[in-house]
Structures are given as structure tokens and as C-alpha cells.
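Trainee: The chain contents come next:
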Amino acid sequence: MRKTAFWLAGVTALAFVAQPALAADTIKIGFVSTFSGPTAAIGNDMRNSFELALDHLGRKMDGKPVEVIYEDDGQKPDVGKQKTEKLIQSDKVDFIVGYIWSNVLLASLKTAVDSKTFLISANAGPSQLAGELCSPYVFSTSWQNDQTPQAMGLYMNQKGVKSVFLIGPNYAAGKDMLAGVKSTFKGEVKGEEYTVWPSQLDFSAELTKAKNSGAQSIFVFYPGAAGVQFLNQYAQAGIKAQIPLYTAFTIDELSLPLQKDNALGVPGAQQWVNDLPNDENKKFVADYRKKYPGLRPTFYGAQSYDAANLINSAVVAVKSDLTKKDAMKAEMEKANFKSVRGPYKYGNNHIPIQNFYLQDVVKDSEGQLALKTVATIVKDAQDGFAGKCPMK
Amino acid sequence: MKLSFNARNVVVVLVIAGLLLLPVYSALSGKVFVLTLFTRIIIFALAAASLNLIMGYGGMMSFGHAAYLGIGGYAVGILAHEGIGSGFIQWPVALITSALFALVIGSLSLRTRGVYFIMITLAFAQMAYYVASGLSRYGGDDGLTIYKRSDFGGLINLSDRVQFYYVCLACLLGGVYLIWRIVNSRFGMVVQGVRSNEQRMQAIGFPAYRYRLVCFVISGTICGLAGALLANNTDFVSPAVMYWTRSGDLMVMVIFGGMGSLFGPVIGAIAFLLLEEFLSQFTEYWALIMGPLLLLIVLFARGGIMGILGRFSRG
Amino acid sequence: MLVVVEQCLNGLQFGLLLFLLAAGLTLVFGIMDFVNLAHGSLYMMGAYFAATFVAWTGSFVLGVVLALGATLLLGILLESVALRHLYGRDHLDQVLATFGLILFFNDLVRLVWGPAGLALPLPSWLTVPVQILPGVYYPAYRLSIIIVALAVAAMLYFVVMRTRIGMLIRAGASNREMIGALGINIKLLFTLVFGLGAALAGLAGLMQAPILTVQIGMGENILILAFVIIVIGGIGSIRGAFMAAIFVGMIDTLGRAFLPDLLRKVLSSTAASTAAPALSSMLIYLLMAIILVVRPEGLFPAAKR
Chain A
1 MRKTAFWLAG VTALAFVAQP ALAADTIKIG FVSTFSGPTA AIGNDMRNSF ELALDHLGRK
61 MDGKPVEVIY EDDGQKPDVG KQKTEKLIQS DKVDFIVGYI WSNVLLASLK TAVDSKTFLI
121 SANAGPSQLA GELCSPYVFS TSWQNDQTPQ AMGLYMNQKG VKSVFLIGPN YAAGKDMLAG
181 VKSTFKGEVK GEEYTVWPSQ LDFSAELTKA KNSGAQSIFV FYPGAAGVQF LNQYAQAGIK
241 AQIPLYTAFT IDELSLPLQK DNALGVPGAQ QWVNDLPNDE NKKFVADYRK KYPGLRPTFY
301 GAQSYDAANL INSAVVAVKS DLTKKDAMKA EMEKANFKSV RGPYKYGNNH IPIQNFYLQD
361 VVKDSEGQLA LKTVATIVKD AQDGFAGKCP MK
Chain B
1 MKLSFNARNV VVVLVIAGLL LLPVYSALSG KVFVLTLFTR IIIFALAAAS LNLIMGYGGM
61 MSFGHAAYLG IGGYAVGILA HEGIGSGFIQ WPVALITSAL FALVIGSLSL RTRGVYFIMI
121 TLAFAQMAYY VASGLSRYGG DDGLTIYKRS DFGGLINLSD RVQFYYVCLA CLLGGVYLIW
181 RIVNSRFGMV VQGVRSNEQR MQAIGFPAYR YRLVCFVISG TICGLAGALL ANNTDFVSPA
241 VMYWTRSGDL MVMVIFGGMG SLFGPVIGAI AFLLLEEFLS QFTEYWALIM GPLLLLIVLF
301 ARGGIMGILG RFSRG
Chain C
1 MLVVVEQCLN GLQFGLLLFL LAAGLTLVFG IMDFVNLAHG SLYMMGAYFA ATFVAWTGSF
61 VLGVVLALGA TLLLGILLES VALRHLYGRD HLDQVLATFG LILFFNDLVR LVWGPAGLAL
121 PLPSWLTVPV QILPGVYYPA YRLSIIIVAL AVAAMLYFVV MRTRIGMLIR AGASNREMIG
181 ALGINIKLLF TLVFGLGAAL AGLAGLMQAP ILTVQIGMGE NILILAFVII VIGGIGSIRG
241 AFMAAIFVGM IDTLGRAFLP DLLRKVLSST AASTAAPALS SMLIYLLMAI ILVVRPEGLF
301 PAAKR
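Residue numbers (this note's numbering), protein chains in the order written: chain A, 1 to 392; chain B, 1 to 315; chain C, 1 to 305.
Bear in mind the hints are in silico, worked out from the structure with no lab data behind them. It cannot be assumed that every hint is accurate.
[Said to hold, decoys possible] Per the computed footprint, the stretches of chain A lying under chain B, defined by three or more beta-carbons under 8 Å from a beta-carbon of chain B, are:
(1) 51-58
(2) 140-150
(3) 335-348
[What the hints assert, rightly or not] Partner residues aside, some chain C positions facing chain A, computed with beta carbon under 7 Å:
(4) Val3
(5) Trp113
(6) Pro115
(7) Pro134
Quick caveat, the model's predicted, so the values are computed rather than measured. Each residue gets a CB set at the ideal place from its N, CA and C atoms; glycine is no exception.
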């Protein structure tokens, strides 16, 4: 007991010595994403966009230099959790950003919330985050998993689709996505298949079932490389000519160069498309293509770009006094920055209330495959879990 | 045991002393993360030490040892999820389920030899992995967040970093001591005898199968304890801890440190995880260095780090 | 009924692909007694080489031939520089060393080709579905995998059972020391066998590339399946690997195809949908465990050791 007392005294003494000045000298941001393995391209795009956002901010927030520490979660929940711990305890970051995967985010959430570090999810949006696990310290610049497929379901109603066969991976986001379509789609669900994630790569068994189910359409959710595989197999099996495909997060600027013509004419729903006509977006897309030749930004990148600007708005509002957590929270709740998707609002659960667009794959003026906004499916959509969030 | 003054023992004593004093360093330097990092290392060291018992001394190369990490972890996680927070219930349940699992798979697996044994233990671990992925009530593939660490009344508070660190260290030192006692007991001698010549031991009249099975169960139980600790450390348990690559990591730690030496796996775990942490900070392409390093260790440093130290002190 | 036929074809195709990977593994394992975890890396390299060469030459067939040659050379290089020194060592040493090679190759590929993966587009004559039975269409490319793999299996059978090299290979699988003692140039034989195994792995990798894309780490999950196959079939036995591969391919595909519907009869729909993928991936391991408990040396043991 005496030993503990001794250490406690030591720690307290240190705390006094190391008392931080009120205004921070540098703004420290931790960035957790996937930089290795098959989905590293997504992490790279997020990092590229975040870096570009910092360039646009002059690499300073409220005049203070910004330091970003990137950590690789390897797409594994336990590793992501460990990296989050490291960033918070060892690097003592002021903000933590990133998180592609719902399961990685769910594993890391407690660490961030317990330490009262602001966490900005630049992609993952599991239903728990919007509902019972919502927290004052957690914001999203993306969406709740159900929202995008819900928009897709609405679009399928508009198109008069009568029946659908659903296929998705068996993890948090996959289940949310399929539940999302089911909640808005008015036709009949002919079947529902979950595949092993992320190891299952051959979807021949599922495609055969879909083909023989008699469904009028197929809906899938396969992010990253799995989306390439699914689309290739869908086209090779000759089903493309028979049953139209509707997607969420399956075709993006990263997968398109690999999916090639197989993706032509396959619609998807998204809250951001590279050709949205607002000025902020034009600048983002143009400068991205200038800074990273040969690459195009994805929605993952757009969300990361927004995350940087969201943080900037909070830092500016408190004049770099990062101890004023309440004031920062209040500022971020206003979403008072120029988002590349156009203006949006925050719900009580810190999930955006925003528009969803229909995107299609077309050949652009340069003869390259590109994503194009076709229509606005729904305006100012809010997720269905906000009511379950205890934060009022 | 006669302690002789050689490089190997010096290193072991230094490592133990270092581990004991680490929280002081952490408190004085304000580097909280060192403690978090080493808590994890110590837990993996315990798992590696338990694997060493069957692999190094018993000649049973289990490629499914990570299964116990998951079973111990899920015992804690599931009980916590169902509202049973007491460590006095959680931990014994973790140990007992691990032991039972080891008993079942051991009794089947030990009928095979060599590579077939490696593969059948892998098969059982993969089955455990998929069972856990199918537990949709407990998060399935996504894993289960543990909101409260095991509760030991007023005795110890596992949420306190320093206390938890010492609990883990005590488990590690206790586990290694237990393994040392086992290895040097009559029972341990028989197991080692079976490794080098099963027929002879059988002929002398030892029921080799039963000795090996008991050893297998003890090892699994110790690893189950490591699993319970790991779940408490990460506040989280997911099927990923049981995946075959994790079993591979444990094997690497054991071989890296020196198979069949008491402290080898501990040194191996420290070296492996520190190297991983250090190299991954130094370069994103850390595996480009780590990979060939493993190859070189196998080619030129038989017996792992302990082997090098042993040669050094003889030299 | 037609659905069952189609799903069986899917299973057969998957099994035959697994056979290509397992054949090389079982040869190397059976003859050199060498556990090569890096076999999956050779599979990955085959796919990356093919994607690169097809893009360079503009011809699918030419690119594939070049890629096969490149994987063969890589295998021979790997064997003579590093792996040769691991023969006769403990299995664990081999596991550790080749685990290191997996790490190395994954990062090497990331450094050279970038993290995004590559595409291996098919020539148009392979992308059309073919009518195989009235009302049953099957992707031409999957059909061509079945044909190529069957041809390779027949060729392997011929080489192993009817040629002098094959005789040596069989002799090596049943008694390594003896063929050395008979004055056979065992070093050369080993290098050849390893090269052959590498080329087979490369072939498997590049053939599945148009279906599954080319990406880092693609060899790891499938490698474990290949190990399961050679263990079920009996180490060193090509015939065993063939039977086990088809068995595993069928079980995996049919399990995924029909298990969810079966489960739905007993469980609630959502519970069944989530439990089924886990259960069907478990089937293969269950199968292996049962086979090993009943026959501890696999179905077709190559030799008593």
C-alpha cells in the first residue's frame, strides 16, 4: 500500500511539473486506418486527403502547427484498439481520426471515450455508434451504416423494382447494410446471404443462388478488393445481362480501375460524389489529382478531408485552448465548416443529417471510367438510431 | 537449481528485475504507454511459455495454441456480458473451460504424430475460431467489448494500470515457476523421455499417451489464464485472437527465444513484440526487415536467443 | 436440380484450383520433408507476374506463359539461395523461416506494385457464359479452369507414374536416404521438384487471378486450405491430394450453398443467416479432424515412415 502511495505522490508531482499551458503549442492528431494488407489503398487515400486538407489549411490550425501521427490497424480490431491506446497514452493526441472498419472502431471506442479524447470517425458508422454507444466525444464525418443502403432501397422503389436478393459480408457493417435496404425497400426480399469476412473471395455459390431465386435484382455491399471480386464474378457468370445489380460502397475510385467495364452502368448510393458542383469540392478534387498524379479521391478521402476541417473549426473556436472540451463539442455540433459534400447538420448523436445521391459509372471526357452524380435520392436524411442515443 | 554466473542467467535476472521495476520507470518518466505495451508483452510471454511446455519439453507442436487465448477471453467476456463481473467466477471458469477444451482436443490429437499433429491442432483451433464468429449474441466476427474488468472485490483493482501490470507479472512468474517445477519433476522427466523415445518409455511401463495428455491439458490451462488476462487488458475479445496467424506468432515467439529453455519464450515474446513495435514505427515496410531476420535466425542461430546466449557464455 | 449441378461445378472448379496449389506443396513436403509456408507467396507472385506480363505484352496467353516461367525461376532461385539449407532441419525451423519469407514477400510486393492490387482482365473469348446443359449456363473462364487443372493433373500423373524423373520422385517420397545412397543427384532433383511446385503454385495463382483479383496476402488463407488437403490426402501423395482437393472444394461450396437453407428450417432466419457462414467454413476442419482421428496418416499415405 505504501508503495502505491509513493507512486501516486510521484505521479501527482509530475502532473504539476508537466502542467500544460492553456493554449496548446501544437495540435496533435492521431490517425488510425489500414495501411497494410489488401485494403491498404483505402488507408492511403484517407491519408492523402487528410494531408491535402492540412496543406489547404497551411498545415496550421489557429496559427498552431499540426502534427499527425498515422497508425496502421491492419484491418484487425485488436490491433486498432492497441494503436488507439498508444496514440492516446503515449503520443497524447488531442484528436483521433480515421477508422474504416466498424469492428475496429467498436473495439477502439471505449479507450477514446474513457480518456475523453475527441474521436472523429471518417468512415465507419456502426448502428451502436449512432444509438446506445453515442458519446459527446465522438463525431462522424461519414454516415451511419444503414443510411446509404436505405437510400438505395428508396431508389429501387422509385425504379419500380419488385424483388431483390441481398448479399453481404458477415460483419457489423454487412449486417447493418442489408438491414438498411430491407427497412426502405418495399418489394419482396427473395433471399439473403452472408459470406465469411474478409477471407471468402469466391462468390460463385451465392451468385448461383441469386440467379435461381427468381429475384428481379441483386443488392450487394462489398468494400475494397472484395467489391472488385464480386463484380468480376457477377459479370463473368453472365448474370449482368439478366439481373441488374444495385450497390452500396462497392464501386469507388479505388476499385473502378480494377473493375473496369464490369462496373459500367451499375448504380450506387453515396453522400459524396467526386463531381458534386460546390466550390470546396472542386478545389479538393482538382488539387488531389494535381498532388497525387494518376489517383482520384474517393468518398473515404472526402470524409477524411472533412474531418480535418471539422477539427480545425473546433480548434479555432476555442483559440487553441484544447482543455475547453465543452466549447469544442458545441462548435463541432454546428458543423460550421465548408464540407465537400455541401452543407450538412449534425443529429443529437453526432451523425450527419445529409443528402444522398445516386451515382453511376460512365466514361468521362478523357475516355476513362468515372463516377457521376445522376440524381438526388433523398434530402436531409437522418439515421434511424438517433432516438436510441441517450445524448439529448 | 545451482545458479551459475553465465550470460544466460545474467540476462534472465536482468529481465526479471527490469520487469519488476518497469512501473517505477513509467511513473517517473510519465511514459504511461510503456506499461500498456509491456502488460501485453507479459501476457503473450505467459502464453508462449505455456506453449513451450508442450512444444519444447513434450515435443508436441501445437499449431492451435491461440484457441486457449480466445477461450479464456470469451469466458471472461461472455460472463461479463451476462452480468457476472466477479473475477472469482470468471477466472476459474476460464481455466476450467480451457482445460476441458485441451482435454477433448488433446485426447483426439495425440493419436497423430508430427505434421499431422500440427495440422489437427490447427483444425481444432480454426473450429473454435468459427464457433466464436458464429456467436451473434456476443458480437460474432466483430468481437465483444468488455465494459468492466474482472472484479476482485476490494482485493485488487484491475482497472488500475499498475496493479493490473503486477497481476500479469505475478501470473507470468508463477506460470514459469510452475513449468519449471513440472519439467524437473518425475512427471516432467517422463514427458521429456516420451519426446525422445516413446517406445522405450512405453516398454518401461509408462502410459505415454496419458502423460502427454496431462501435459497438454496443463499447458492449455495456463494459456487460458493468459487469455483471461488478455481480455481484461484489451477490454475486448474477438475471434481474431484465435486465428491461425496468432498461433503462428506464439510459435515464432517460442522458437525466437529458444525452444525448450525455461525463459526462452519470455525473452522471445519481449524481443518479437518490441521488434514489431519498434520496426513498425521506424518504417511502414517493417516486415521487409523482420522476415529475413527470422530466416537468418533459423539459419545461423539455432536455439534462438537463448541459444546464442548459451554459446556466448561457453565461448 | 439444375442448381445442384451448377453448385457441384462450382465446387469442382474450386477443388481443382486447390489441387494445383496442393500438388506442389505435397511434392515438396513428401520428398524433401520440407514445410513451405511460402508456397502461398509463390502463388501470389504467379498472379502478380501474370498481371504484369499480360499488361506488357498485351496478350493473355503470352503473359501467362511468361509468368509461369518467372515463377519457376523464382522458385529455383529461392530454393538454391535459402531454402536448400533448411532441408533436414526441424519442421519448426522451417515453419519459422518460411513464415519470415511470407512477411518479406508481402512487403516486397507492396513496395514494387503498390498496395492497391492489380487487375488481370480476361480476353473477350473467355468472358462469355457457355451453355453446358439445356438451361444451365456456366462462365467460360471457370470451365477453362476445370479443363486446365484436369489436364495438369493428368500430366502430373503421367510424369510421376511413367517417367524416370517420376520414379525418382516416388522413390524419394517413400525413402529419401535410399535414393541418395543409390547415387542419384539428389540436389538437382530437389531443385527441380521445388521449381515444379513453384510453377504449379504460380499457375494456381494466375488462374484464379481474373476471378479473385491480384492482391497482397492472397496466398495466406488459401495456403491453409492447401495444407488441410495434403494432410487429408496423405503427405507426398499426388493422388491423395487430388481426391482431397475435390472433396474439400465440394464440401466448402455445397456447404455454403445449402447449409443456410437447411439451418433456416430449424433456426430463426436471421440467426441462421449469420451462423451459416461460420458453420460452413468449419465443415472442412471438422472433416480433417475426423479423418485424422480415424486415419492418423491421411487417406492415402505415401509411405510408412
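Trainee: Against this structure, judge whether each hint is valid.
Mentor: Do the hints match the structure? See the list:
1. 51-58: violated (count 0)
2. 140-150: Per the Cβ count (0), the hint is violated.
3. 335-348: violated (count 0)
4. Val3: It holds, given that the least Cβ distance between C/Val3 and chain A is near 5 Å, below 7 Å.
5. Trp113: violated, 11 Å
6. Pro115: holds, 3 Å
7. Pro134: With Cβ-Cβ at 15 Å, over 7 Å, it is violated.
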